[in-house]
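Chains as they are written, first to last, in our numbering: chain A, 1153 to 1237; chain B, 499 to 685; chain C, 1379 to 1783; chain D, 40 to 964.
Take these hints with a grain of salt, some might be off.
What the hints assert, rightly or not - Just some of the chain D residues that point at chain B, by a computed CB distance under 8 Å:
#1 Ser480
#2 His728
#3 Arg962
What the hints assert, rightly or not - Stretch by stretch, here's where chain C covers chain D in the computed footprint (C-beta under 8 Å, at least three residues):
#4 121-135
#5 256-263
#6 543-557
Unchecked claim - For lysine to any residue, the following SDA-like pairs were computed, each having C-alpha atoms within a straight-line distance of at most 25 Å:
#7 D:Lys856 with A:Ala1185
#8 A:Lys1202 with C:Glu1579
#9 C:Lys1656 with D:Arg131
#10 C:Lys1465 with D:Met45
#11 D:Lys849 with A:Gln1174
#12 A:Lys1202 with C:Arg1442
#13 D:Lys856 with C:Glu1765
#14 D:Lys848 with A:Gln1174
#15 D:Lys850 with C:Thr1769
#16 A:Lys1202 with A:Gln1174
#17 A:Lys1202 with C:Glu1471
#18 C:Lys1656 with D:Pro902
#19 D:Lys501 with C:Glu1471
#20 A:Lys1202 with D:Gly399
By construction, these hints were calculated from the structure, which means they are not laboratory data.
All C-beta atoms, glycine included, are put in the ideal place defined by N, C-alpha and C.
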Amino acid sequence: MLLIPCPWCGPRDEAEFHYGGQAHVAYPENPAALSDEEWARYLFFRDNPKGRFAERWNHTAGCRRWFNAVRNTATNEIEAREVTA
Amino acid sequence: MAERLSPLARFTPVSSGDLRIAEIPFLTQINLRVDPKSRAAADIGLALGAPLPTEPGTCASADADLLWLGPDEWLVVGERGRDLEGTIRAAAGTAHAGITDVSAQRTVVAVEGPRSRDLLAHGCALDLHPRVFGPGRCAQTMLARAQVVLAARDGDAFRVFVRSSFAGYLADWLMDAAGEYLGVTPR
Amino acid sequence: MTRDVPEHPDWLWSSPEPKRSYDVVIVGGGGHGLATAYYLAKNHGITDVAVLERGWLAGGNMARNTTIIRSNYLWDESAGIYEHALKLWEGLEDDLGYPILFSQRGVLNLAHSLQDVRDSVRRVHANRLNGVDAEWLTPEEVKEVCPIVNVSPDVRYPVLGATYQPRAGIAKHDYVAWGFARAAAAMGVHLIENCEVTGVEVADGRVQAVQTTRGRIAAGTVALSAAGHSSVVAATAGVELPVQTHPLQALVSELLEPVHPTVVMSNAVHVYVSQAHKGELVMGAGIDPYNSYRQRGAFHIIERQMSAALELFPIFARAHVLRTWAGIVDVTPDASPVVGTTPVDGLLVNCGWGTGGFKATPGVGWCYAHTIAHGEPHPLNAPFSLERFTTGALVDEHGAAAVAH
Amino acid sequence: MTSRRMTGWQGEPVRFRFDGRDYEGVRGDTLASALLANGVRTVAASPALGRPRGIYAAWTEEPNALVRYGVEPMAQATTLDLAEGLDATSLRGRGRLSEEPDTGRYDAVYAHCDVLVVGAGPAGIAAATAAAETGARVIIADDRPIAGGSLPDTAETVGGVPGAEWAAATLAALDDRPDVRVLSRTSVFGYYDDNHLVAVERRGVDAYSRERVWRIRARRVVLATGAHERPIAFAGNDRPGVMLAASARAYVNRHGVLPGERAVVFTTNDSAYAAARDLAAAGVEIAAIVDTRETAGPAPDGAEVLAGHVVTAVGGEEGVTSVTVSASDREDRDDREIEADLLLVSGGWNPLVHLFSQAGGELRHDDGIGSFVPGSVRQAVEVAGAARGVFTLAGCLEDGAAAGARAAEAAGFRVESVFETPGTPAEEPAAPAGHLWLVPSADYGTHFVDLQRDVTVADVMKATGAGLRSVEHVKRYTTAGTAHDQGKLSGVLTSAVVGHALGLPLADLGTTTFRAPYVPVGFATLAGRDRGALHDPVRTTSLHEWHVVYGAPFENVGQWKRPWYYPRAGEDMEAAVLRECHAVRTAVGAMDASTLGKIDVQGPDAAEFLDRIYTNMMSTLKVGAIRYGVMCRPDGMVFDDGTVIRLADDRFLVTTTTGNAAAVLDWMEEWLQTEWPQLRVYCTSVTEHWATVALAGPGSRDVLAGLAPGLAVDAASFPFMTWRDTEVAGLAARVCRISFSGELAYEINVNAWDGLALWEAVMGTGVVTPYGTETMHVLRAEKGYPIVGQDTDGTVTPADLGMDWVVSKKKPDFIGKRSFARADTSRPDRKHLVGLLPADAGRLLPEGAHLVETSTLPEPPVPTLGHVTSSYRSAVLDSTFALALVSGGRDRMGEVLYVPLGDEQVPVTVTSHILYDPEGARRDG
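My request is simple: use the sequences and hints to build the entire structure.
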């Protein structure tokens, strides 16, 4: 059970959170202008590094805020955090 | 007019020297969303008699209880029948604020007494030690398998705000867990 | 006195020093990599092959799965490759000359809601059209197949019925891997342990070699078969894969006298359980939700699984969890694998099996070997291309196999 | 049999039964000590070879003495408290699950502390005391019923009193502190990320819960878990009467039991000498001490010490009768047989690094002790005492105190006074231990490595001979370490034997992975309170009790209980549903629709936000009006549907399907917070604030008019897809004129606590038929309205459903729009939602059945055209009918397709999915 630092509520058990995958994958400015390949990248391709990974969490059972954290996927240690703008 | 029926109307309150569990039905509850730095937030605080708490996990008490739910979200709780929505709406004026009557969305279970923390610890992962979660603290979290808003009050007393549809489950769970502190013999 | 599992042969494989160059380098010495090497040699006569394993052979998901074998998948594409695998399983013990303990004790997939029932019946009908044995059982019939399942209507999520595939079952995972390894090694394939691939060398759009912790090894074809580590290896060749790596936990009980005659799976309550040959109950759950390469899950997943298991099997109440563990599985957006070519010439990929890799072992080894030998996919694995994510022609097994094991 | 209880040992007698024979032990015994006290030597047959086995150890490391009793399928006699009437049966490797239901209650507790100390031996108690003195919140957990770790086994003194007394008194004092919790009989069995540890407390059959799982979050952890004595592999080392030396000492000092009369001690180190002294003092004759080292330790009175010797054979099939020893230098072999009934073994000590390793800690090989000790670790953990290779009592006390202080300091507490460790008797400095794992031999067939799996050195050598180089492979080849004891004694020994076989140092081979749980934990224990009705929350509406009273069976929809139908006396489901459908089509019915998700969406940008979320246009909706909407995922597949009602320019109320209420709110919050933070919108769930009663049928207007005299209900005043705030039955209500049946219909929303009053008022009119979800499903299907999740499966677009009209062509973008242009989503032969009418109007197609083109079935694989998603008997159509997703279905109107059912090919005709009132003539009544 990871202890995840919600920037608002403080550290809480992993079970209170919903995982949101890779951070900083913005919805494309103009999807209609993208090729099928580019759109497929947005839909289905996400980084999957072994090591530092900027990812999103939602504190669903708490304040319901989304935030970003950097976690090492090899050790599960959360290294830093920032609130999603 | 027919009687109102609370979600735990069939639940019989329990009381021992160490532990008391009872429903507090029909409280007025308003979900408030507003930018905490806005003029509207300040005005609403004035109208309610206390500034909206901005420290996460805290509750302010004035004419109503103001429970911090999120950085721009509060649960304003008052006595049965109070028009808190009107008060808040009037204070907010035309400013952008989300003001929603949720009085029947959740009911409240009061858990009180010296064993209240022991009881809640069976299903709540938060550290409920009085130094960490003493009077004036509140949190949205899980109690057993139900989402709740938990608020600590003076004298080892807690209010558990639970969604109406989960109230029956939570009451059953609390009674099963409380047996140990109510002197129920093991099966 | 006889033991509860058969003896292994006196000879398994040798540990040769890697050569500087091979026709084919298979990255990953798990079940899939070993089966691929075996079928390359057996079906295609290609034996200048090295299987590179970063740790010990078949020590990843092959050593960590719950050994369930079935082919009752919903979509035609999935049924095609899994049924091909099941047919190979049925002859594998003779084929490999190894006692893999393939036991066709049947698999029950329980339904707990009306929608579960619709989805299950749909799958049964689809299976029959595809020549996959499948039946829909009422709760009473479930009880006949597996008397210890609680089919009382008075539980939180009653059993409303189940699909049943009689030809499905379990096998002994280590024995399967070692059977493939031994047979491949006997045909000249080099099995190289403690040899981690740290990079794939590409020049002019064509694969050249792999860099390893034991030096550079040139290769005509590099075939990835690295499960949870697929994206890490592929990334060194500039190839991105639509997979995410998650922990998947499982557990065993103490050894118990036989009590559970079949395999029971329940997607709705996230439990699957069989009783292995030695007598231990083998159970698995859903994946842990976040990306991780740590072969470790969280304990509340196990606690939840126990709660669900006891709803179905009250008799398990005083069984004990003896050992828990986790593998790391690579999951695609449509819960179906990717088996085929990549934008890099000579670099092939087999990944994204999520929780379904073990049962496919001979089938995917057979198809992947074909793909390596011919440079293009066999019709059975052609639907599982990388391109499907661009066209949208997904093989979406979420509905039927979100917790597919 | 003679009693082996030491004379003068006091204890309340306890009667018990083992393998059908009656015995007597004393309170405080384990089953194992009681059996030994009764002279029972053979307690089991080995699982594979059937060799007789005796008690080998004294606690959780015991490999042989497995029993079942009551509902417990497998337990160790060495950890089982002797209770009056205990009836235990020995096991041969496998347990047996009891058919008797387990009536025990189990539960869990969350706990938090600054310092968690695992193990209440000398090091643990010192650590806890040192930490507690700083004011830190401390939990100390120990798996034994009596604290003190090895102190009760060794009878050493601490601070001038017997160690066990010191331990009990110190712990009692600790427990009196407000911020210290002492957990006895509590095994910490798992160490997870972020210092989350789980433990099981065995509270006993008289407690409210028999066993309790502790979920502990600790800022710092001190592991003071001690060490296990390790066995040596030699010929016949499995005979009853062979026992670990320290375990024999424990039986003497803890239980007053003599495990034999005449003992040989086989050791590589000094610790067995102390055991020999205690046994001798208790009356066991020490025939010889066989020490592998050339320089032997000081002999206890009268015992012969054979330095540089090993045990080469053990005589006695049913139990040790003699021990053959030989000089370990084989050139100078000088076999000698010594008569004995007990052989004590000490191969040195293995620190218990299981939890440390689970925590992610690296292990390091320590040449001095010849085993693995804790190395580096990321988590906030200290290791103290024997668990890190400190084997003296004074050393453990000091090490523990230092670790406890360090842990408290790291948790932010100030160490103001140094905790004075109590005095201990002077100890002779130990001579260096020797390292011997196996006694060389020409035949390794009875050199057991894992007693419980019957694995010998010969088996290990067969594995290495087959080409295996990894200890993990050898474990799997031989099954060593996979039994009930999880290799507590065999693990390191197996590695050492592999090293011997391959000529590699133990340090290079390492161990197999240590995995949770450290001790077996019951399934029911872990399931805890989440059993039966509490397995998963049951969600109910405010009308639930009424549905129960009126006999409705319930359908599980997610966690909700929804009334399925309301059978009258003598009716089956089919009859009830046909009657309910008929009532709605011809008169009026009412359904509890409270479970639909409801989200209040407020803010100046609410309309713009909903335009982006829904496929259709919501910003053009007028205040007072209602629109049906569909939302898709970015991949273009239908995610949810429902109605949107506009309450004000800047306020909407959105409804969702029952199952997706939480998912849709999360979805909206995700887009608002992470993609469109500039939009000024707030979303709030009001699902349970409202109770919703759907009133449907041509008679619904009259019923509503009667209940809401203030409301103008005529079609012109209250048109379709509008809403009104009014009073219904004297209750403040919001009435929406929407229909999911095609009939004139209303949804009446009141405050949830008024829900039952509203429903009773509706039913009080005497003309309204209650109907359940099944009737609702039939009625909507007749109208061709899809149910998300039933007629869709995550691969269906709005166009597939024939809902092009709900997909805006005007909006520049909305979630999912781009995907509609992909090659696969624009294919003409996609599966479309169509209706099916069986040629035989009485034939009900099974939901899930497939469609094929031909009237005879070819050999598989047969291409499928699609499948039946919904299928019902229709009162109003006087026929069965179905909805189906069919490849190119909209181009197949009127075609006959076939549904293979068993040996039959059932013909069906493809029709529009709207089978009833396609003109919509009935919606105004």
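Here's how the hints hold up against the structure:
1. Ser480: It is violated, given that the least Cβ distance between Ser480 (chain D) and chain B is near 55 Å, above 8 Å.
2. His728: This hint holds: His728 (chain D) lies near chain B, its Cβ roughly 4 Å from the closest one there, short of 8 Å.
3. Arg962: With a closest approach of 30 Å, the Arg962 (chain D) hint is violated.
4. 121-135: Since three or more residues must qualify, the claim that chain C covers the stretch 121-135 of chain D holds, with 4 doing so at under 8 Å.
5. 256-263: As far as the stretch 256-263 of chain D goes, the hint is violated, because 0 residues have Cβ atoms under 8 Å from chain C.
6. 543-557: holds (count 4)
7. D:Lys856 with A:Ala1185: Judged against 25 Å, a Cα distance of about 12 Å means the pair holds.
8. A:Lys1202 with C:Glu1579: holds (20 Å)
9. C:Lys1656 with D:Arg131: holds (13 Å)
10. C:Lys1465 with D:Met45: The given pair, whose Cα atoms are some 67 Å apart, is violated under the 25 Å limit.
11. D:Lys849 with A:Gln1174: Between Lys849 (chain D) and Gln1174 (chain A) the Cα gap is close to 32 Å, so the pair fails against 25 Å, i.e. violated.
12. A:Lys1202 with C:Arg1442: holds (20 Å)
13. D:Lys856 with C:Glu1765: holds (20 Å)
14. D:Lys848 with A:Gln1174: violated (32 Å)
15. D:Lys850 with C:Thr1769: Holds. Lys850 (chain D) to Thr1769 (chain C) sits at ~24 Å (cutoff 25 Å).
16. A:Lys1202 with A:Gln1174: holds (13 Å)
17. A:Lys1202 with C:Glu1471: Not OK: Lys1202 (chain A) and Glu1471 (chain C) at ~37 Å, beyond 25 Å, violated.
18. C:Lys1656 with D:Pro902: This hinted pair is violated, its Cα atoms lying about 42 Å apart.
19. D:Lys501 with C:Glu1471: holds (22 Å)
20. A:Lys1202 with D:Gly399: holds (17 Å)
When held up to the earlier numbered hints, the structure conflicts with 1, 3, 5, 10, 11, 14, 17, 18 and fits the remainder.
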